[in-house]
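Model the full structure from these sequences, guided by the hints.
FYI, in my numbering the residues of the sequence shown are 4 to 97.
What follows is a set of in silico ranges between Cβ atoms, one per label pair, in the way DEER data are often shown: (1) Ser60 with Val15: 27 to 35 Å; (2) Arg72 with Arg32: 20 to 28 Å; (3) Ile83 with Val12: 50 to 58 Å.
Derived from the structure by calculation, the hints contain no laboratory data. Think of the CB as a built atom: it goes at the ideal place given N, C-alpha and C, for glycine as much as any other residue.
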Amino acid sequence: MAASSKKPVFLVVILVVVLGIPAALWLARGVIATSIARDELDRRGLVCDERFSLEVSALFDEATIGPTRCTRAEGIVEAIELLEDFGVVAGDAV
Numbered sequence: 004m005a006a007s008s009k010k011p012v013f014l015v016v017i018l019v020v021v022l023g024i025p026a027a028l029w030l031a032r033g034v035i036a037t038s039i040a041r042d043e044l045d046r047r048g049l050v051c052d053e054r055f056s057l058e059v060s061a062l063f064d065e066a067t068i069g070p071t072r073c074t075r076a077e078g079i080v081e082a083i084e085l086l087e088d089f090g091v092v093a094g095d096a097v
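Here it is in structure tokens:
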């Protein structure tokens, strides 16, 4: 009896791992993309305000950057500001 009662629990755990984790990551794609983009911009010397956000489409073929202002301590361009949403569409590499 003990062995048969462990089978459903094991199947539920497998389903959570196989379906739940990828689903959670897919649902959090905007948060993950925002974090990665913010880190990459920071690495390149651009600091964006707290409004910076990146929303990624369900198929990962489009992204929208929300209104934000980013500044750079040195260089030709000191700041860039997006006053409204800015869309980026994936395309063929040139």
